[in-house]
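Peer 1: Each chain, written out:
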Amino acid sequence: AQSVTQPDIHITVSEGASLELRCNYSYGATPYLFWYVQSPGQGLQLLLKYFSGDTLVQGIKGFEAEFKRSQSSFNLRKPSVHWSDAAEYFCAVVPLSGGYNKLIFGAGTRLAVHP
Amino acid sequence: EAGVAQSPRYKIIEKRQSVAFWCNPISGHATLYWYQQILGQGPKLLIQFQNNGVVDDSQLPKDRFSAERLKGVDSTLKIQPAKLEDSAVYLCASSSAQETQYFGPGTRLLVL
Chain W
1 AQSVTQPDIH ITVSEGASLE LRCNYSYGAT PYLFWYVQSP GQGLQLLLKY
51 FSGDTLVQGI KGFEAEFKRS QSSFNLRKPS VHWSDAAEYF CAVVPLSGGY
101 NKLIFGAGTR LAVHP
Chain C
1 EAGVAQSPRY KIIEKRQSVA FWCNPISGHA TLYWYQQILG QGPKLLIQFQ
51 NNGVVDDSQL PKDRFSAERL KGVDSTLKIQ PAKLEDSAVY LCASSSAQET
101 QYFGPGTRLL VL
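Chains W and C supply the protein sequences, listed in that same order.
Sequential numbering of the first sequence, starting at 1, is according to the working numbering.
Sequential numbering of the second sequence, starting at 1, is according to the working numbering.
No lab work stands behind these hints: they were computed from the structure.
Treat the hints with caution; some may be incorrect.
Stated by the list, open to error - Straight-line C-alpha distance at most 20 Å; calculated PhoX-like pairs for lysine-lysine:
hint: 1; chain 1: W; residue 1: Lys49; chain 2: W; residue 2: Lys68
hint: 2; chain 1: C; residue 1: Lys44; chain 2: C; residue 2: Lys78
hint: 3; chain 1: C; residue 1: Lys83; chain 2: C; residue 2: Lys62
hint: 4; chain 1: C; residue 1: Lys71; chain 2: C; residue 2: Lys83
hint: 5; chain 1: W; residue 1: Lys102; chain 2: C; residue 2: Lys44
hint: 6; chain 1: C; residue 1: Lys11; chain 2: C; residue 2: Lys78
hint: 7; chain 1: C; residue 1: Lys11; chain 2: W; residue 2: Lys102
hint: 8; chain 1: C; residue 1: Lys44; chain 2: C; residue 2: Lys71
hint: 9; chain 1: C; residue 1: Lys44; chain 2: W; residue 2: Lys49
Assemble the whole structure, with the sequences as input and the hints as a guide.
Peer 2: As structure tokens, then:
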């Protein structure tokens, strides 16, 4: 079945530590790939996106993500986490078939940051 | 550039009552989306408009939910009558053609 999977529901890291959030997708053709962040009580903010080309994508707030076709993955990384990064992170895809620019979201990973 | 505006931000109603949410997209964005985000889950698309026409409402519970986008700008999402399971955050987003979607702050609905 077509899906977006974020295996980690909750992750806790110390401030200054590195971070990697996992995302796997299951679609026949590589979809468009996105990472969004949602702070408490806020809407979703786009961190970065991948359509094609260079598989390492730079985003805002010091985040980057790497697309790996062989693993159907699009993991989000940050070398040094700040307390303000505590939020919920959503991986999302737009399947290339079916049209209409429809975003399909994973269930999210909640990030807690210890001082 | 102003972002996507939504109102109200919070709403508490009793089951079987009706409620309406309003969204004003980013100026010039032809495509408007309504998503439902239940606690602990990712957002799920309810309906997508291209200008004032519906292009996808396959996951909209049409027996109780309705949406319109008159004049291809603002949009209203209505629930009538509300059920307990409708408690969620309702997010509006807009985009220019097949580009990145930008989200509003959402309306948090609690049905008692």
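Peer 1: If a hint holds in the structure, say so; if it does not, say that too.
Peer 2: Results of checking the hints against the structure:
1. Lys49(W) x Lys68(W): holds (14 Å)
2. Lys44(C) x Lys78(C): The given pair, whose Cα atoms are some 16 Å apart, holds under the 20 Å limit.
3. Lys83(C) x Lys62(C): holds (13 Å)
4. Lys71(C) x Lys83(C): violated (30 Å)
5. Lys102(W) x Lys44(C): OK: lysine 102(W) and lysine 44(C) at ~10 Å, within 20 Å.
6. Lys11(C) x Lys78(C): Satisfied, since the Cα-Cα distance of roughly 13 Å is no more than 20 Å.
7. Lys11(C) x Lys102(W): Outside the cut-off at roughly 27 Å; violated.
8. Lys44(C) x Lys71(C): violated (25 Å)
9. Lys44(C) x Lys49(W): Status holds; Cα separation ~19 Å.
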